[in-house]
Amino acid sequence: MWVGCGGAACCGVVGPFFGVATGACSLGSEDGGGSGPSHSRSLRLVDYGMTETCGIVSIENPRLGTRYSGSAGHLVPGVESQIVGVDNLKPLPPKQLGEIYFLNCKFLGYFNNAEATKHTIDEQGWIHTGDLGYFDEEEQIFIIDRLKELIKCNGFQIAPAELEGLLVSHPEILDAVVFPLLDAEVGEVPVANVIRSPTSSLTEEDVKKFIADQVGLHH
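In case it helps, mature numbering (1 follows the signal peptide of the UniProt record, and there is no 0) puts the sequence shown at residues -23 to -1, 1 to 196.
Incorrect hints may have been included.
Restraint-style ranges between C-beta atoms, simulated for each label pair [stated by the list, open to error]:
hint, residue 1, residue 2, range
1, Gly62, Glu149, 33 to 41 angstroms
2, Gly32, Ala93, 27 to 35 angstroms
3, Pro54, Glu114, 40 to 48 angstroms
Derived DSBU-like pairs (lysine-lysine); straight-line CA-CA distance at most 35 angstroms [to be verified]:
hint, residue 1, residue 2
4, Lys185, Lys72
5, Lys185, Lys129
6, Lys95, Lys72
7, Lys95, Lys186
8, Lys125, Lys72
9, Lys185, Lys95
10, Lys95, Lys83
11, Lys125, Lys95
12, Lys67, Lys95
13, Lys129, Lys83
14, Lys186, Lys125
15, Lys67, Lys83
16, Lys95, Lys129
17, Lys83, Lys72
18, Lys186, Lys129
Quick caveat, the hints were computed from the structure, so don't treat them as lab data.
Where a beta carbon is used, it is the ideal one built from N, C-alpha and C, also for glycine.
Just need the whole structure built from these sequences, with the hints factored in.
Structure, rendered in structure tokens:
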């Protein structure tokens, strides 16, 4: 059977099933592992869409690209997309993080809300999703975070989900959440709450060093 799930919670599904389709949140390759290659008779498909795109605009194709990579797959036929820089509003090349735009989604606007429509659809018809992501060299789309969740630190734009992903990659960290804290000098700074494994002796300094070794100084 197929199991449809709205986000990472689907990974708790147990029992025999043919496949799992996920949506509604970014699902990393680690989160999807339970229905991945180790279960040869099951299939996991990650898709991406929103109300304004009138349905799914990308889906992981088992016949194309790298499987279980954390991506939301390739664009469906007839849909165009581009990644646009948050600061300069210019199209970005692969592996560059920016806002995701879509074209040819048949969305005409919000009912009786011209202002919201104006901020969502530009003059060329591109839908501004408010989601942050990028394409890789195989034209797979990766959804990283929401634009409004960006932490603005010393002129840099920091996606909390990226830092959360780094934190939970530590073998002694079970879960993590990153949020902004106002700062008089740099505007906002990212702050993290982490849940350690029961046997962990990890200290705050250990966590800071772990992150500092992997990201830029502005973090």
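So, going through the hints one by one against the coordinates:
| no. | hint | verdict |
| --- | --- | --- |
| 1 | Gly62 / Glu149: 33 to 41 angstroms | 36 angstroms, holds |
| 2 | Gly32 / Ala93: 27 to 35 angstroms | 20 angstroms, violated |
| 3 | Pro54 / Glu114: 40 to 48 angstroms | 21 angstroms, violated |
| 4 | Lys185 / Lys72 | 26 angstroms, holds |
| 5 | Lys185 / Lys129 | 19 angstroms, holds |
| 6 | Lys95 / Lys72 | 29 angstroms, holds |
| 7 | Lys95 / Lys186 | 44 angstroms, violated |
| 8 | Lys125 / Lys72 | 20 angstroms, holds |
| 9 | Lys185 / Lys95 | 42 angstroms, violated |
| 10 | Lys95 / Lys83 | 15 angstroms, holds |
| 11 | Lys125 / Lys95 | 17 angstroms, holds |
| 12 | Lys67 / Lys95 | 19 angstroms, holds |
| 13 | Lys129 / Lys83 | 33 angstroms, holds |
| 14 | Lys186 / Lys125 | 27 angstroms, holds |
| 15 | Lys67 / Lys83 | 23 angstroms, holds |
| 16 | Lys95 / Lys129 | 25 angstroms, holds |
| 17 | Lys83 / Lys72 | 28 angstroms, holds |
| 18 | Lys186 / Lys129 | 21 angstroms, holds |
Of the numbered hints listed earlier, those contradicted by the structure are 2, 3, 7 and 9.
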